[in-house]
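We have chain A; now place chain B onto it with these hints.
Take a look at the letters that make up each chain.
2 protein chains.
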Amino acid sequence: MRHHGGMSQHSAGWAAPAAEILRVPSAGLAGVDPDSTPGYEGSKADGALSLESGLLALGDLQERLFARSAVGEARSSVLLVLQAMDSAGKGGIVRHVVGGVDPQGVELAAFKAPTEEERRHDFLWRIEKRLPRQGMIGVFDRSQYEDVLIGRVRELAPAEEIERRYGAIVDFEKRVADAGTRIVKVMLHISRDEQKKRLMERLERPEKHWKFNPGDIDERLLWDDYMAAYDTVFERTSTDVAPWYVIPADHKWYARLAVQELLLAALEDIDPQWPIAGFDVEAEKKRLAAS
Amino acid sequence: MRHHGGMSQHSAGWAAPAAEILRVPSAGLAGVDPDSTPGYEGSKADGALSLESGLLALGDLQERLFARSAVGEARSSVLLVLQAMDSAGKGGIVRHVVGGVDPQGVELAAFKAPTEEERRHDFLWRIEKRLPRQGMIGVFDRSQYEDVLIGRVRELAPAEEIERRYGAIVDFEKRVADAGTRIVKVMLHISRDEQKKRLMERLERPEKHWKFNPGDIDERLLWDDYMAAYDTVFERTSTDVAPWYVIPADHKWYARLAVQELLLAALEDIDPQWPIAGFDVEAEKKRLAAS
Numbered sequence: 001m002r003h004h005g006g007m008s009q010h011s012a013g014w015a016a017p018a019a020e021i022l023r024v025p026s027a028g029l030a031g032v033d034p035d036s037t038p039g040y041e042g043s044k045a046d047g048a049l050s051l052e053s054g055l056l057a058l059g060d061l062q063e064r065l066f067a068r069s070a071v072g073e074a075r076s077s078v079l080l081v082l083q084a085m086d087s088a089g090k091g092g093i094v095r096h097v098v099g100g101v102d103p104q105g106v107e108l109a110a111f112k113a114p115t116e117e118e119r120r121h122d123f124l125w126r127i128e129k130r131l132p133r134q135g136m137i138g139v140f141d142r143s144q145y146e147d148v149l150i151g152r153v154r155e156l157a158p159a160e161e162i163e164r165r166y167g168a169i170v171d172f173e174k175r176v177a178d179a180g181t182r183i184v185k186v187m188l189h190i191s192r193d194e195q196k197k198r199l200m201e202r203l204e205r206p207e208k209h210w211k212f213n214p215g216d217i218d219e220r221l222l223w224d225d226y227m228a229a230y231d232t233v234f235e236r237t238s239t240d241v242a243p244w245y246v247i248p249a250d251h252k253w254y255a256r257l258a259v260q261e262l263l264l265a266a267l268e269d270i271d272p273q274w275p276i277a278g279f280d281v282e283a284e285k286k287r288l289a290a291s
Numbered sequence: 001m002r003h004h005g006g007m008s009q010h011s012a013g014w015a016a017p018a019a020e021i022l023r024v025p026s027a028g029l030a031g032v033d034p035d036s037t038p039g040y041e042g043s044k045a046d047g048a049l050s051l052e053s054g055l056l057a058l059g060d061l062q063e064r065l066f067a068r069s070a071v072g073e074a075r076s077s078v079l080l081v082l083q084a085m086d087s088a089g090k091g092g093i094v095r096h097v098v099g100g101v102d103p104q105g106v107e108l109a110a111f112k113a114p115t116e117e118e119r120r121h122d123f124l125w126r127i128e129k130r131l132p133r134q135g136m137i138g139v140f141d142r143s144q145y146e147d148v149l150i151g152r153v154r155e156l157a158p159a160e161e162i163e164r165r166y167g168a169i170v171d172f173e174k175r176v177a178d179a180g181t182r183i184v185k186v187m188l189h190i191s192r193d194e195q196k197k198r199l200m201e202r203l204e205r206p207e208k209h210w211k212f213n214p215g216d217i218d219e220r221l222l223w224d225d226y227m228a229a230y231d232t233v234f235e236r237t238s239t240d241v242a243p244w245y246v247i248p249a250d251h252k253w254y255a256r257l258a259v260q261e262l263l264l265a266a267l268e269d270i271d272p273q274w275p276i277a278g279f280d281v282e283a284e285k286k287r288l289a290a291s
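Those protein sequence lines, which keep their order, are chains A and B.
Under the numbering used here, the residue at position 136 of the first sequence is numbered 136, and the numbers go up by one with no gaps.
Under the numbering used here, the residue at position 111 of the second sequence is numbered 111, and the numbers go up by one with no gaps.
Calculated from the structure, these hints are not laboratory results.
Check each hint, because a few of them may be wrong.
Intra- or inter-copy, both count: the list cannot distinguish identical chains.
Quick list of in silico lysine-lysine cross-link-like pairs, BS3-like style, CA-CA up to 27 Å [said to hold, decoys possible]:
1. Lys-211 <-> Lys-285
2. Lys-285 <-> Lys-208
3. Lys-129 <-> Lys-112
4. Lys-112 <-> Lys-285
Chain A on its own, in the form it takes in the complex (with noise of 0.2 Å):
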């Protein structure tokens, strides 16, 4: 059941929208513990009971803005971006949160070091070429913030190109905003002593091998950096058309329900309706019975 007051809308179980309680603090990551559970009154055991219901939610308004889109009556689509530091969750995300939907309306693209070709054009070429379709739910796993994450930490790019990259993704996102795309950006934010219980546990389990690689402690190890630079993202580029969601993640069940209520309120917000039809029913149905 989800609760109706004045603008916004929310699900049993939470004190307020999800997107107030979760949008980015003035004081940054410094003002999220990545321990807590922010907004949500119920239990675990009531979170696997919220994620169930909300899936439901989730399938019916994802329905909805598929239909709309498919007789052509409405440009929208959702576009989740999902950033954080290695085995914060995403996996857990795109599989116990958008796995829920029907794939047919999902387009999911991940990110992975840029390839030769793509890195002979601007680092947006290629996010604009995974920009979901009109109807479609587009799930980014990593996104054009790798480009001034890894690469402000790492140095891939002169400081000053990193500086462009802040402005350039503003204007690109406003854009892509103004064309009908509901831009929901989230942080998985873990505490640094979680990743460690989590990358051993990859390493003390065989069939877990494959999850990790070494390269992964070496990120690690710039855990202050790479937090440095989330701060200067957040700061940069969190706009009204694309707001930045810190979402504490050490508890798996809290992150996934936190960002399904995200999903839930910007396909509200979008408040798709069913298409009426554009044929006379009843004579279609005279046609179908003497068929």
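Just chain B now, kept in the frame of chain A:
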């Protein structure tokens, strides 16, 4: 639970491997009753439980397949080709069978009427571009077969061009299979009466109107021509490396279970094992502990 017997395996509830039971018979569509549930010995309620446990097995196999290719150890993939008359349940297969798998391991391609650019290339050009990457489960919602089904029935190309395509498809699929892709081609077979019932339901429920297209009735009026075109497809393109399966589809629960069983068999035939770590696990543990 899966039973191992000789070369092939099958899940509880199945009298024999689905790949044997459902392979297109020499009589073609005339040899398959759309209302039947061949090989599955349980009830509809049993089928729902089998589908649930099958999803877990499928998820495990998919993750192994993905892991092997993520570390560069294998080049295998799976390609599920779905063909059917309107309303036969392709969408339900995508949602309820494929939708249970981690979206990160699935590549879905829905082929509509070709664009102008696509029409200026050979009919296989757009197909090639959407083949699944190594480690992925690819799903074609419609496929190269449209070009010898609606292509033949509606005479969208000269007769000799249609003739050429059967051989071209066989050669193409052989190359794709030789390169490491298990091809599972499924025709969902509904009866003409069942289609009428399903289309009428779409017309009677306003939230289903967007799924209805007056053209669906036009195609329905050519039912016998389509059945003949399918039979020709089976005769000309069912090969050992890319066999056709005809799945009775008047019962949605059975069709979903049958497709899942075929996918399970394809993945078990690949038999992907967890990759061996390409790094020194103990050394990495120490490095992580110190970080």
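To see whether the hints hold, each was checked on the structure:
1. Lys-211 <-> Lys-285: between (54 Å within a copy, 14 Å between copies)
2. Lys-285 <-> Lys-208: between (55 Å within a copy, 14 Å between copies)
3. Lys-129 <-> Lys-112: both (15 Å within a copy, 20 Å between copies)
4. Lys-112 <-> Lys-285: between (51 Å within a copy, 25 Å between copies)
The structure fails none of the hints (numbered hints given earlier).
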